[in-house]
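Q: Below are the chains, spelled out letter by letter.
Number of protein chains: 4
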Amino acid sequence: MEKIKIAVLGATGYTALELLKLLRRHPAADVVAVTSRENTSPIAEVHPSLTGQYSICCENLKPADLQARGVQVVFSCLPHTATAAVAPELLELGMKVIDFGADYRLNDAAVFNKWYNVVHPDPDRLPSTPYGLPELFRAQIKNSALVANPGCYPTSAILPLAPLLKGGYIAEDDIIIDSKSGVSGAGRKPSLKNLYPECNEAISAYAVGTHRHTPEIEEVLTTASGKAAKIIFTPHLTPMDRGILTTTYSKRLNDASQEDLLAYLRKFYAGEPFVQVVDALPSTKDVIHTNRCHLTVRVVGSRVMTISAIDNLIKGAAGAAVQNFNVICGFDETTALL
Amino acid sequence: MEKIKIAVLGATGYTALELLKLLRRHPAADVVAVTSRENTSPIAEVHPSLTGQYSICCENLKPADLQARGVQVVFSCLPHTATAAVAPELLELGMKVIDFGADYRLNDAAVFNKWYNVVHPDPDRLPSTPYGLPELFRAQIKNSALVANPGCYPTSAILPLAPLLKGGYIAEDDIIIDSKSGVSGAGRKPSLKNLYPECNEAISAYAVGTHRHTPEIEEVLTTASGKAAKIIFTPHLTPMDRGILTTTYSKRLNDASQEDLLAYLRKFYAGEPFVQVVDALPSTKDVIHTNRCHLTVRVVGSRVMTISAIDNLIKGAAGAAVQNFNVICGFDETTALL
Amino acid sequence: MEKIKIAVLGATGYTALELLKLLRRHPAADVVAVTSRENTSPIAEVHPSLTGQYSICCENLKPADLQARGVQVVFSCLPHTATAAVAPELLELGMKVIDFGADYRLNDAAVFNKWYNVVHPDPDRLPSTPYGLPELFRAQIKNSALVANPGCYPTSAILPLAPLLKGGYIAEDDIIIDSKSGVSGAGRKPSLKNLYPECNEAISAYAVGTHRHTPEIEEVLTTASGKAAKIIFTPHLTPMDRGILTTTYSKRLNDASQEDLLAYLRKFYAGEPFVQVVDALPSTKDVIHTNRCHLTVRVVGSRVMTISAIDNLIKGAAGAAVQNFNVICGFDETTALL
Amino acid sequence: MEKIKIAVLGATGYTALELLKLLRRHPAADVVAVTSRENTSPIAEVHPSLTGQYSICCENLKPADLQARGVQVVFSCLPHTATAAVAPELLELGMKVIDFGADYRLNDAAVFNKWYNVVHPDPDRLPSTPYGLPELFRAQIKNSALVANPGCYPTSAILPLAPLLKGGYIAEDDIIIDSKSGVSGAGRKPSLKNLYPECNEAISAYAVGTHRHTPEIEEVLTTASGKAAKIIFTPHLTPMDRGILTTTYSKRLNDASQEDLLAYLRKFYAGEPFVQVVDALPSTKDVIHTNRCHLTVRVVGSRVMTISAIDNLIKGAAGAAVQNFNVICGFDETTALL
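Chains as they are written, first to last, in this note's numbering: chain A, 50 to 387; chain B, 50 to 387; chain C, 50 to 387; chain D, 50 to 387.
Since the hints were made in silico from the structure, they are not lab data. Do not take every clue at face value.
Capping the alpha-carbon separation at 27 angstroms, the derived lysine-lysine pairs in DSS-like fashion look like this [unchecked claim]:
# : chain 1 : residue 1 : chain 2 : residue 2
1 : C       : Lys300    : D       : Lys52
2 : D       : Lys191    : C       : Lys279
3 : C       : Lys300    : D       : Lys300
In silico contact screen, one side only, chain A against chain C (beta carbon under 8 angstroms); selected entries [claimed, not checked]:
#  : residue
4  : Tyr103
5  : Trp164
6  : Tyr165
7  : Asn166
8  : Val232
9  : Ser233
10 : Arg237
11 : Pro239
12 : Leu241
13 : Asn243
14 : Leu244
15 : Asn249
16 : Glu250
17 : Asp328
Just so we're clear, the structure is a prediction, and the values are computed from it rather than from any experiment. For every residue, glycine included, the Cβ atom is placed at its ideal position computed from N, Cα and C.
Using the sequences and the accompanying hints, generate a full structural model.
A: Right under this line is the structure:
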């Protein structure tokens, strides 16, 4: 397998760490640069779990530096707007870009500007950039030099809901999404709210009615199903490292039974290596440290419920990125992800 | 303060442990008997945290034995139907009974029989037994020799929802209740599902659409508000010892603002020592090891959301029991509960 | 009971929170001031678990302000050297001072200066200030206006070791102390090392051979036993909120059996309400949220081992402080601590 | 790569689960049988995290059944003495056997019989069976049809101590080993002691002076170093899923500095892919979910300390087994283990 030269931008956080672990298992991955604006330490000091696995150091590199090093694919773990500030130049220089952040997830720059309270630096690319969920948008991803890796919560919500909307089983205008995430989702920057003694033995909701994944979920559900989805999304911080469990409640539109819905979803995701429609109620335990989503459906009274579980750092971030990498480079989609 | 002779039935579980800890702080409590059908060990061996605090042993005692010992108040932590099998005799012998279980929570024996899949041993007492939530039913509790201590999930859901229903702010027919509980709620009997390596780093839903607290919540909301409440209730097992966070979603019935609703709830619970209506989003962290409930309300689109937090073992069990004990014995309601 | 006016200095951390919770239960405690250099918020916002319990705000107050408010006892949770910078004036103004920090724990200012790498601001008071472990130094504490509350690790190590040294059962020159502490011991200031995803599912040693509790343990063991104790002390950060388990290994000096040693320790601590000599191996679970220490002893080959458990925030800090408060004010020593 | 037909005996526990996950990544592994005495469910129901990964069911199979299925290598996760009851026949039938249990770890059946309180079913094979720690016994393993996979605690202790003993840096007669393990080490059989609410927020020592890994560590240290090692070993149950941190204290024999010892260990393990000698203090966090051991050394007074971290289920069990599989089958030793 021919090696592909890779750069990881913003390599000091948790998603970059997971990415580097996965790439270590990828026979075609040759990581030639890891960047940080401030840190110049060996990456194995920044992330001690990489000791003996990577010998390179963090560097503050510009697109031209990456080009000089022969970089072919850039994974960007930069904060929002930072990727969109460099992506045009990277693409211009012939590199492919997989963005972990939100910069290219939405189609509409106005929506982005409103929810992120900034002016998007590269609005023209938004409509044409594919949303990096291969299960729904594989064809578009395959031919794109730029991929917008999905948010972690959206992945957990869209995988069960998009098919049910598309199939006409649930109403699009009254979807309640109640998600529970591990603390790694809050990032690696120290703050009172993600201190161990504040999070441990504690569960709480946050960003009620205001979380930025709300428009992302609505837009992608709408794109995928053709129905103008309207959601209420409530994330909760849960005392565990990683994993997201998402419970949704939608209005039932017809008399399809629970078994019908399970069969429909099984058929919808037949052949997908990373989506398992299960009979039992999913637990995050069964999917953490994997790129898989376990999902199921329940009919309760006049409601259809879905319950889905992913690892927020893998299927919700680094694993999805490697999956997209495999798609755009033509590798078997499961490479490094089993 | 005159001492009251107390027996604790079924003393080997977690709720009994918390009860014994609280009673240790109660100036009027004189625990003269702790029972178990099988265990005859010192209670301080069954619960090592009671070392030096209690010297009595577990015994297999009958109502007449308790009477012979002068017991005045019985706290029963027995499994469902076991309390109803002995309560008539205890009451007959002049003892007061506070039941931690479900036996006397519902008014309708048919509903009990259906959800618990048994025949209720003492159906006639159901309609007249007060539901032991003093914030809503203080007057009835005060004059009753038998009190049905509320379920943990119901406490967390009823405290925020009953006033909103009563005030006409939310619709009664489409209430979604998504609860997250610590593992102690599953009891102290070993089983695969509550092993540490199964629960840790894991969140999952269970008993979707079938949890026995569903009819309890519906009935008490209906009683408290006069509206025939209809709910969907989903409990989740969360990797923490104790605490319940309950997030609810109801249809908004009028244009009362979030501030209006907060003000209404504050007024409703003014003077209640154990219910705090808070502006910020509650965390279980702030109420565990206390008898308090923190709750708040949010208006999101066409929905009114409530978020509430309690300790499942205290306000959801042992603390509520001591609060009821204080009510029926005429002590200050906060005794031993600060 | 006559009320005592209390101030808590440095009220925003975890030990101050536990202190405020305990004082809420103390019939004589009247907290009239809580201080912070920077924070002016209501203390119930700084610590949401105090909602409805305290209505006062943090203030930046000087000794004269405290005197003006009638403060009689000051609990200081300030960082090291900060208490010694104000204690002389507080004492001069007639207030009693209980210091949570290290400033007055050692007798020898030179040792303090070396280990804390500063110049002690009030060296003359060191030799006469009692070490606030009532189980060993009750008489001295009773008559002192200034008490040095012990460190959390030292409490867990000194309680089992001091009697064994004093009784001549173990050698003083080769004591190995291996301690495991919950993360709250690292304080409430955000830093990478105490982030949830760094601490959770992780155990590690820190400050090997260099922890500042080393000279404190050595000096107090020496004072208490009359033998010049020499220790190796290794603390470990353990994924739990609170609790310290300390395992020690000492050379056995005579042929006293394990039963002899247990009996000796039981006699030594007979009547002490907060030290329980137990047969079984202690768990932090059994002592957290209490002011108690569980300890035991084992003879293994040529070594005597002790294993002891405390709550680092209570018996290791706030509970010990309230115990000292009770001693110096003449209250029953268990007041607010059951 | 030619496929090797594999059977996993005793497939319902945690070590078997980890083994099956690793084998899923191994290009030569063809798992054709998973056994259980009682369970006949699909292995993906026993371990939901294997959903979609394995379609076979648990079966109660005898050696002849395995032979009929063409099994070439047997991994046995059976309890002690159960492997030794079938290993002779498996070997006779030409299969290779890697035993996760203790049956073939010791050389001396009398020691086994004493510590395990049974009569060894196959004592003659003990002296010749290699101890499956390739870093120390690679040559012997390579040529053996039977390998005794090391215990988890022994792996964590032997890797740092054996070289120091061999090099003459530490005394062999006074080694203290204080280990801290995650709860998965206690297995998957439900019991009160490994319930979530008993283990969470709790650390405790167990089996003080009596743990069965004691003779194993002593014997292997003796074999590896030529010095008759004598240890005190104390395991602790720590509130985390997996990971072992081992802190050891030995008498320093010469004036080699900490830097000398680090350099010596680095040289000793140069080229070993799974042992990293690190400068910083190891954390289990950095090695869990990997086959690696991080270890370091400290000189503190007259003692040499080592601190080492492994994942008890991987380097301490399933990963070591796959490493041994690679050794005996002639694959690159890191296959499936990066």
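Q: Find the hints from earlier in the document that the structure breaks and name them by number, from lowest to highest.
A: 1, 2, 4, 5, 6, 7, 17
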